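Asks: Per the numbering used here, the very first residue in the sequence shown carries number 1; after that it's consecutive.
The hints are simulated quantities; they were obtained by calculation from the structure and are not laboratory data. Accuracy of the hints is not assured; some may be wrong.
[Said to hold, decoys possible] The calculated lysine to aspartate or glutamate pairs, modelled on EDC-like cross-linking and capped at a C-alpha distance of 16 Å, are:
#	residue 1	residue 2
1	Lys139	Asp237
2	Lys55	Glu229
3	Lys145	Asp237
4	Lys195	Glu45
5	Lys145	Glu45
6	Lys145	Glu214
7	Lys97	Asp61
8	Lys139	Asp74
9	Lys97	Asp76
10	Lys167	Asp123
11	Lys145	Asp169
12	Lys220	Glu210
13	Lys180	Glu214
14	Lys97	Asp79
15	Lys42	Glu214
16	Lys42	Glu210
17	Lys111	Asp123
18	Lys87	Glu112
19	Lys145	Asp79
20	Lys145	Asp74
21	Lys211	Glu45
22	Lys195	Glu229
23	Lys220	Asp61
24	Lys139	Asp76
25	Lys195	Glu210
Note that the coordinates shown come from a computational prediction; the quantities given were computed from them, not determined experimentally.
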Amino acid sequence: MRLRGGAAVAVVLVCAVAGCKAETQTGSSGPQQTGAGGAALKVAESLTVKGRAPKTGYARDRFGTAWADTDSNDCDTRDDILKRDLKEVRFTSGSCKVSYGLLPSDPYSGKEVTYRRGRSLVDIDHIVPLSDAWQKGAKYWDARKRIALANDPLNLIAVDASTNRSKGDGDAATWLPPNKSYRCTYVAGQVAVKKKYGLWVTAAEKSAMEKVLETCPGQKLPTGGNPTEAPARFHAD
Numbered sequence: 001m002r003l004r005g006g007a008a009v010a011v012v013l014v015c016a017v018a019g020c021k022a023e024t025q026t027g028s029s030g031p032q033q034t035g036a037g038g039a040a041l042k043v044a045e046s047l048t049v050k051g052r053a054p055k056t057g058y059a060r061d062r063f064g065t066a067w068a069d070t071d072s073n074d075c076d077t078r079d080d081i082l083k084r085d086l087k088e089v090r091f092t093s094g095s096c097k098v099s100y101g102l103l104p105s106d107p108y109s110g111k112e113v114t115y116r117r118g119r120s121l122v123d124i125d126h127i128v129p130l131s132d133a134w135q136k137g138a139k140y141w142d143a144r145k146r147i148a149l150a151n152d153p154l155n156l157i158a159v160d161a162s163t164n165r166s167k168g169d170g171d172a173a174t175w176l177p178p179n180k181s182y183r184c185t186y187v188a189g190q191v192a193v194k195k196k197y198g199l200w201v202t203a204a205e206k207s208a209m210e211k212v213l214e215t216c217p218g219q220k221l222p223t224g225g226n227p228t229e230a231p232a233r234f235h236a237d
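Model the full assembly from the supplied sequences, consistent with the hints where possible.
Replies: Spelled out as structure tokens, the structure:
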């Protein structure tokens with residue numbers, strides 16, 4: 001999948017009834033890009049292999065408050081990703097709270113999905129699920145690193161909710177997107193996140209990653225995202 005272009009605003013209008021602003025725009029950066037991070041297959045081969053640790057002690061709040069504004073742009077992380085990944089975006093007010101947008105081709109299913117605030121047709125998915133991360137190293141981290149992972153744009157993507165619910169906390173050995181054309185990009189995203197944060201993989205997971213990436217040896221790692229430590233003002237239980 002090619003990187004969608006820079007965040008160019010093509011249309012701005014005022015909604016006559018709701019008083020909201022709408023923008024037609026494309027996403028800018030994130031896990032869908034093919035960056036300059038080197039061959040994904042080579043990096044996958046370098047990941048540390050260990051067994052899955054117990055899930056004991058895992059809770060979502062161990063990764064901080066959901067959608068914390070760790071990049072200090074005055075918008076929460078969920079709306080940042082909606083703005084990045086959706087097209088024809090509209091806001092309830094200002095330029096943060098997304099009220100409407102389109103996924104013309106959902107990465108996981110390939111179908112068109114419409115986002116309307118308050119309806120659960122679009123999820124913001126953690127490409128590496130937080131529970132999976134917990135069992136593969138994150139349980140031993142400082143809270144600020146866990147908060148960073150939970151809000152890192154490199155690990156987040158807007159997707160069809162119904163398809164995403166089938167993923168659960170699966171890794172590459174247990175779940176891949178039904179949209180086969182996206183699998184190389186998806187696995188490269190997981191590899192990039194695990195490399196960036198020092199998370200390990202199971203033997204089965206590594207084998208599954210390599211099997212996918214061997215079909216696209218030129219696949220590059222996505223790059224970018226936020227620092228691996230959230231600002232000191234953020235806390236987690």
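Asks: Give a verdict on every hint.
Replies: To see whether the hints hold, each was checked on the structure:
no.	hint	in the structure
1	Lys139 to Asp237	12 Å, holds
2	Lys55 to Glu229	23 Å, violated
3	Lys145 to Asp237	13 Å, holds
4	Lys195 to Glu45	11 Å, holds
5	Lys145 to Glu45	24 Å, violated
6	Lys145 to Glu214	31 Å, violated
7	Lys97 to Asp61	23 Å, violated
8	Lys139 to Asp74	29 Å, violated
9	Lys97 to Asp76	8 Å, holds
10	Lys167 to Asp123	12 Å, holds
11	Lys145 to Asp169	19 Å, violated
12	Lys220 to Glu210	13 Å, holds
13	Lys180 to Glu214	14 Å, holds
14	Lys97 to Asp79	6 Å, holds
15	Lys42 to Glu214	10 Å, holds
16	Lys42 to Glu210	9 Å, holds
17	Lys111 to Asp123	14 Å, holds
18	Lys87 to Glu112	11 Å, holds
19	Lys145 to Asp79	21 Å, violated
20	Lys145 to Asp74	20 Å, violated
21	Lys211 to Glu45	11 Å, holds
22	Lys195 to Glu229	15 Å, holds
23	Lys220 to Asp61	33 Å, violated
24	Lys139 to Asp76	24 Å, violated
25	Lys195 to Glu210	15 Å, holds
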